[in-house]
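If you read the sequences in order, they're chains A and X. In case it helps, our numbering puts the first sequence at residues 2 to 204. In case it helps, our numbering puts the second sequence at residues 2 to 204.
The set of hints was computed from the structure by calculation and includes no laboratory data. Check each hint, because a few of them may be wrong.
Any copy, or any two copies together, can satisfy a pair, since identical chains are not distinguished.
Said to hold, decoys possible - List time: in silico DSSO-like cross-link candidates among lysine-lysine, alpha-carbon distance up to 30 Å:
1) Lys26 to Lys203
2) Lys183 to Lys26
3) Lys24 to Lys203
4) Lys75 to Lys147
5) Lys183 to Lys151
6) Lys152 to Lys203
7) Lys29 to Lys203
8) Lys152 to Lys29
9) Lys203 to Lys183
10) Lys159 to Lys24
11) Lys183 to Lys152
12) Lys147 to Lys183
13) Lys26 to Lys152
14) Lys147 to Lys159
15) Lys26 to Lys151
16) Lys152 to Lys75
17) Lys24 to Lys183
In this text, all values refer to a predicted model and were calculated from it rather than measured experimentally.
2 protein chains.
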Amino acid sequence: MTEQKATNVTWHEHNVTRDERAKLKGHKGAVLWFTGLSGCGKSTIANAVDRLLHDRGVHTYVLDGDNIRMGLNKNLGFSPEDRTENIRRIGEVAKLFADGAHIVTTAFISPYREDRDAVRELIPDGEFLEILVEASLETCESRDPKGLYKKARAGEIKGFTGIDAPYEAPESAEIILDSDSKGVEELANEVIDYLEANGFLKA
Amino acid sequence: MTEQKATNVTWHEHNVTRDERAKLKGHKGAVLWFTGLSGCGKSTIANAVDRLLHDRGVHTYVLDGDNIRMGLNKNLGFSPEDRTENIRRIGEVAKLFADGAHIVTTAFISPYREDRDAVRELIPDGEFLEILVEASLETCESRDPKGLYKKARAGEIKGFTGIDAPYEAPESAEIILDSDSKGVEELANEVIDYLEANGFLKA
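The shape of chain A in the complex, shown without the other chains (with noise of 0.2 Å):
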């Protein structure tokens, strides 16, 4: 027993804590979790909304599918259960970064209310931000930069989400950007503007 303890206490002795690393950092961690159809602009707006951060000197890191998707979750497919495995991985991994006080932002599909409830959970409470990128199917088939709606539409890809797969609209998004009528960099700013009413940045 007694060497148990020396252990433990060894251990937090040397242990640099959430607060140590905030402090270095000079803001506490958060999570932005964009949500929406494929082609709504989640990806872009995240991005703006990191360089946005970035250059006002915040700690910032991107997850989507560019680093996630051919790293971390390469050996996972769009199957429901692979979907909801996808994003609790993806969640994990953004709870990681915002520990180490990062405004982090994901820009993932994430179809399901379940799962994206569960991330929720993981997260420390008030640090994670789910934000609806809002368009109409119209408006993201007519943009389909990669031209998978063509593919989904002519059955080339299955499970396609808005053609044969549901998407599950959040019931209380902190945040809902309307893509179908805004910009990249309104639509960005307004993240912005919430971060700073709501006391993770400072105006």
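Given the coordinates of chain A, work out where chain X should sit on it, guided by the hints.
Only chain X this time, still in chain A's reference frame:
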């Protein structure tokens, strides 16, 4: 085609680069990958290194059993396949933190050479430092703070590294720490000395 190109341009305008993140942090990222038997001192030394780095203003993060096994990897057990996937995921997360210009330390037994080499392949050249914490089985078993060796010897834990599962020591670790005969602070400072001598830190 025109629209697709335009989308890419927008993306790249917003994207905060690796170099920009390193500039904000004041240093580049690196992965300090501690490996060794249970009880060799990996976590304690890793946290001591993390403390020394943090106290000189380096942006750090520790990945260890406390924040990985209970979170990201809670759906993995200790079979060879699960151990491999465990290390793969940790490697991918370490890569993201290094990409975010952190000096990230990881403290996992990571007994298989092939698994550690796979992580090395993930990380940009020169940013992966394998740190072998050498301690004899006798030393580790005599410490046994959590009573795991006792359970493994009694057959209550199967596949325990060093007892009935192999530990494959690195053949070309960047740093080798002698945990049989040296204390935590001395070993932590050996790591700091290496980082200074090799340009990861300003001396």
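Verification of the hints:
1. For the identical chains of this complex, Lys26 and Lys203 are neighbours both inside a copy (14 Å) and across copies (19 Å), given an alpha-carbon limit of 30 Å.
2. For a Cα distance limit of 30 Å, the shortest separation of Lys183 from Lys26 qualifies neither inside one copy, at 32 Å, nor across copies, at 33 Å.
3. With identical chains, the CA atoms of Lys24 and Lys203 are at most 30 Å apart both within one copy (15 Å) and between copies (21 Å).
4. For the homomeric pair Lys75 and Lys147, the shortest alpha-carbon distance inside one copy (19 Å) is at most 30 Å, but the shortest distance between copies (35 Å) is not.
5. In the homo-oligomer, the alpha carbons of Lys183 and Lys151 lie at most 30 Å apart inside one protomer (24 Å), although the nearest pairing across protomers, at 64 Å, exceeds that limit.
6. In this assembly of identical chains, Lys152 and Lys203 lie within 30 Å of each other by CA distance neither inside one copy nor across copies; the values are 45 Å within and 53 Å between.
7. Within a single copy, Lys29 and Lys203 get their C-alpha atoms as close as 12 Å, and across copies as close as 27 Å, so both meet the 30 Å cut-off.
8. In this homomeric assembly, Lys152 and Lys29 never come within 30 Å of each other (Cα to Cα): the closest approach is 42 Å inside a single copy and 41 Å across copies.
9. For a Cα distance limit of 30 Å, the shortest separation of Lys203 from Lys183 inside one copy, 25 Å, qualifies, whereas the shortest one across copies, 47 Å, does not.
10. Proximity of Lys159 and Lys24 under a CA criterion of 30 Å is satisfied in neither setting, with 47 Å inside one chain copy and 43 Å between copies.
11. For a Cα distance limit of 30 Å, the shortest separation of Lys183 from Lys152 inside one copy, 27 Å, qualifies, whereas the shortest one across copies, 62 Å, does not.
12. For the identical chains of this complex, Lys147 and Lys183 are intra-copy neighbours only, at 21 Å inside a copy versus 57 Å across copies, given an alpha-carbon limit of 30 Å.
13. Neither within a single protomer nor between protomers do Lys26 and Lys152 lie at most 30 Å apart by alpha-carbon distance, with minima of 44 Å and 42 Å respectively.
14. With identical chains, the CA atoms of Lys147 and Lys159 are at most 30 Å apart within one copy only, with a shortest distance of 16 Å there and 49 Å across copies.
15. Proximity of Lys26 and Lys151 under a CA criterion of 30 Å is satisfied in neither setting, with 44 Å inside one chain copy and 43 Å between copies.
16. When the C-alpha separation of Lys152 and Lys75 is checked against a cutoff of 30 Å, the pair qualifies only within one copy, where the shortest distance is 21 Å, while the shortest distance between copies is 36 Å.
17. For the identical chains of this complex, Lys24 and Lys183 are neighbours neither inside a copy (36 Å) nor across copies (32 Å), given an alpha-carbon limit of 30 Å.
Violated hints, in rising order: 2, 6, 8, 10, 13, 15, 17; the structure is consistent with all others.
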